[in-house]
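Engineer: So you can see what is in the structure, the chains are spelled out below.
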Amino acid sequence: MYKRVVITGTGIIGPVGKTADESWKNALSGVSGIRRMSLIDPEQFTSQIAGEVREFDPLDYFDRKLEKRIDRYAQFAMIAAREAYEGSEIEGRVQPERLGVIIGSGIGGIATLENEHKVAMERGVGRINPFFCPMMISNIAAGRVGIDLNAKGLNFATVTACATSGHAIAVALDMIRLGRADAILAGGSEAPITLTGVGGFCQLKALSTRNDDPETASRPFDIGRDGFVISEGGAVLLMEELEHARSRGADIIAEIVGAGMTCDAYHITAPAEGGEGSARAMVLAIEDAGIKPADVDYINAHGTSTQLNDINETEAIKSALGLEKAMSTPVSSTKSVTGHMLGAAGAVEAIFTAFSLREGILPPTATLVEPDEGCDLDYVPGRARKADITYALSNSLGFGGHNVTITLKKYSG
Amino acid sequence: MSLESRVTEIIIDKLGVKPEQVTMEAQFDTDLGADSIDQYELIMGFEDAFGLRIDEDEAAKLTTVGKVVEYLREQDVDQ
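Heads up: the sequence lines are chains A and B, in that order.
All residue numbers for the first sequence refer to numbering that gives the first Met the number 0, where the first residue is 0 and numbers rise by one.
All residue numbers for the second sequence refer to numbering that gives the first Met the number 0, where the first residue is 0 and numbers rise by one.
Chain B extracted, bound-state conformation (with noise of 0.2 Å):
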């Protein structure tokens, strides 16, 4: 499966959103209708599903499924 596919699996389990919503463009807060603490549920989803811990300065720059998917890529995480 590829990264773009886990993260928008991650994001339609945890906020209960539908798949064609999950664009790469899609923001959290705006377009997938999270607050501040569905956000850090779906960071700590990440986190569990990747095996890597992501800092709140970091955290709070992933605004975007886009964002999160090149982030994620950066850190090399198993795929």
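Chain A extracted, bound-state conformation (with noise of 0.2 Å):
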């Protein structure tokens, strides 16, 4: 019998709010994080809208020296971390080896790279930062929360674009219940919004285009949907050998009970016909929860307000949980509000499913307002809505036809 895995911690910083409690109500509200673009000039952009983390000054968390080392996709990780690992009041009840880090990024450090890219080219190769290594590869987010919080257990990241973070929760799920860790901080962070972040994302015409109306141009599932909006931020649960958190008194927000993992083989962008993937992800994650579809009560989806996303993981869902029950199963995507925040997307949304249990209210598809053809499922329209939940999924995807579901359930002890 495998250990079972709770969540006894949760930290968000995004375009919607600075900690998961603040995000949680803008996203139960319908608020969006969608503005113009101000990190960069969104001029030359054929997409100009963005979710920036706003009024973000990196001195409130880091000292001088540290601030000018770490990329600012590796301080939304930390920021994330720390929000997860106080607020679970876990620190000096670990041991430090005991305790792992399983944060990855989609990217990683694109602004440092660009920097010193120009660096080199303007000045010669010898006037590279030499941080520049360190403070750019995707994993340095996991290694710099290992030395703050002092976690010494394992420690990795994944890598999986927009569902780097769904991994990381998956991966930590079963190196917690094989008794690799007694906690995991798991997560993901991302910080794309650079020329060559929203450049790259331009040019595959992935991006909303809606640039005079910033505040729903992200529109899961809606028939003017047109892209979905590029979000940076970070997001980190710390995740906790059930017994663990019992003999601390920890407060338990949700059990995490089951992950299925999957690859479309198909196409390095595109979703396989009819979500054939993401359906297969699904289903191994309902069976390694010991459950049955029935017995699913609210999906968040990966929901990314594109057209092929929406339409095909439309498709799975129903082919996952059969027609009948997909029907009467709701399904909401909170990109509505927050945009893509890729590599940080899966742990935002696996917090809000947790929320979302822990409460019994389910948060809307805040910006849909007339469902496509072919989107007919129950996407919790423009409002929040109250519902008394046991099992929920959540839904990542990513660039490279990777596909990571998680199944949460309500913690009842």
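These are computed hints drawn from the structure, not numbers from a lab.
Just to be clear, a hint being listed does not mean it is correct.
[Said to hold, decoys possible] To list a few chain B residues with every Cβ distance to chain A over 10 Å, as calculated: (1) Ser1; (2) Leu2; (3) Glu8; (4) Asp28; (5) Asp47; (6) Val68; (7) Arg72; (8) Gln74.
[To be verified] Here are the in silico distance ranges between beta carbons for each label pair: (9) Asp56/B with Leu203/A: 48 to 58 Å; (10) Asp56/B with Asp173/A: 44 to 54 Å; (11) Arg247/A with Val76/B: 53 to 63 Å; (12) Asp34/B with Gly321/A: 51 to 61 Å; (13) Met120/A with Met0/B: 46 to 56 Å; (14) Gln43/A with Gly32/B: 40 to 50 Å; (15) Arg247/A with Glu55/B: 29 to 39 Å; (16) Arg52/B with Val30/A: 50 to 60 Å.
[Claimed, not checked] With a cut-off of at most 27 Å between alpha-carbon atoms, the simulated BS3-like pairs for lysine-lysine come out as follows: (17) Lys60/B with Lys64/A; (18) Lys17/B with Lys64/A; (19) Lys17/B with Lys67/A; (20) Lys324/A with Lys60/B; (21) Lys17/B with Lys60/B; (22) Lys64/A with Lys117/A.
Quick reminder that beta carbons are idealized off the backbone N, C-alpha and C, glycines included.
Using the hints, put the two standalone chains together into the complex.
Structural biologist: Written as structure tokens, this is what we have:
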């Protein structure tokens, strides 16, 4: 019998809040974090809107020396990890050697890469900042969190684009189940709002160009959707072995009871026909939890607001749950207000799902007005809804055909 | 601004230390907490600020604030 795994801490810094609670309140109220881009000059891009962490001063969190040596993406991971760690009150109640970190990033320190490439081109490679490599690499967030919180157990990053932190949670689940750690800080972070970050996604025609109406630009499942909105931030869960959490009297937010991971093996960016790979991930996550499709009460969708994702994810849900069950199961996408935080998205949404289970309320697909043809599920449009739920799924899909689904359960002892 | 003040300013900026820590006798590693990468970044900072190149053998000898000031003075850098 596997060990059971619960969530005892959460941290989010992103477009709709600088803490998990603030982000959750805004997600429930449908308050959008999308605005015209301010980190870079938006003029030259087809998509000029983004979900930025606004009024962010790194010196509120780091001293000056440290601040200059940590890329924005890793700063977000550290801030979210600190919030999860402090909120869990686990400090001094876990052996450092038994506290792990699995925090990834879809891209890593792309701003650092751009800056130093410019230096190299203009002034020669001999002027590259000696901190360049350890600032840029996409595992350094995990390493930095280890140093920051004295977490000496297993420590690494997952890298699967927009499924990154979904995988971090799925792998952390198995690590704790197998007894390889008592607790793990799991999640992801991203800071992609740079010249090549935004420019690259624009060239893929993946981003919304609804520049005149940023707050409704991310509209998952809506007939008017025209791409995702790029966002930044970090999100981390403190996942803990149940008996470890119980013995120290921890406040348990929700239980993580399963995960499913698959690959489309089909196309680098487009989902497989009918969301075949995503459907299999959901089925595996349901089986791993030891439940049936009929037990699923809610799904927090990947729901990116792209043409292909939303229609295929809808198909995938029908195929995984069966048509009748799918039609009666609420599904929502909080990307409607957060935009797409890429490597941080899966952890943000797993946290929101955990809060849904604890509080008995579903966050809405806030911007959905008119569902597209073929997008015919109950997407909880417009307003949050009370619902006493026991089991929920959280989906994350990434370029490369990576699919991961997490099964969460209301904690009831 | 004196050479000493300019050097001190660069050290404070790169290492995030307090002004009173930056005495002429202060050792970069033990007194100012600079590891080898910090020290290399610092050397690059001096190079940029004073428009010169310091070779590795020379840089290895610059272990205190005073030694840096002395070295820069010998190089007759533009003050």
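Engineer: So, for every hint listed, does it hold in this structure?
Structural biologist: Here's how the hints hold up against the structure:
1. Ser1: holds (24 Å)
2. Leu2: At roughly 23 Å from the nearest Cβ of chain A, Leu2/B sits farther out than 10 Å, so the non-interface label holds.
3. Glu8: Holds: least Cβ distance 13 Å, greater than 10 Å.
4. Asp28: holds (15 Å)
5. Asp47: With a cut-off of 10 Å, Asp47/B comes too close to chain A, as the shortest Cβ separation is near 8 Å.
6. Val68: holds (22 Å)
7. Arg72: Arg72/B is indeed farther than 10 Å from all Cβ atoms of chain A, at 24 Å.
8. Gln74: holds (18 Å)
9. Asp56/B with Leu203/A: 48 to 58 Å: Check passed, 49 Å falls within 48 to 58 Å.
10. Asp56/B with Asp173/A: 44 to 54 Å: Once the Cβ atoms are compared, 52 Å apart, the range 44 to 54 Å for Asp173/A and Asp56/B holds.
11. Arg247/A with Val76/B: 53 to 63 Å: The hinted range 53 to 63 Å holds for Arg247/A and Val76/B, with Cβ atoms some 59 Å apart.
12. Asp34/B with Gly321/A: 51 to 61 Å: The hint (51 to 61 Å, Cβ to Cβ) holds, given that Asp34/B and Gly321/A are roughly 59 Å apart.
13. Met120/A with Met0/B: 46 to 56 Å: Violated, at about 32 Å.
14. Gln43/A with Gly32/B: 40 to 50 Å: holds (42 Å)
15. Arg247/A with Glu55/B: 29 to 39 Å: This hint is violated: roughly 52 Å between Cβ atoms.
16. Arg52/B with Val30/A: 50 to 60 Å: holds (54 Å)
17. Lys60/B with Lys64/A: holds (24 Å)
18. Lys17/B with Lys64/A: holds (11 Å)
19. Lys17/B with Lys67/A: OK: Lys17/B and Lys67/A at ~16 Å, within 27 Å.
20. Lys324/A with Lys60/B: Violated. Lys324/A to Lys60/B sits at ~74 Å, over the 27 Å cutoff.
21. Lys17/B with Lys60/B: holds (23 Å)
22. Lys64/A with Lys117/A: holds (22 Å)
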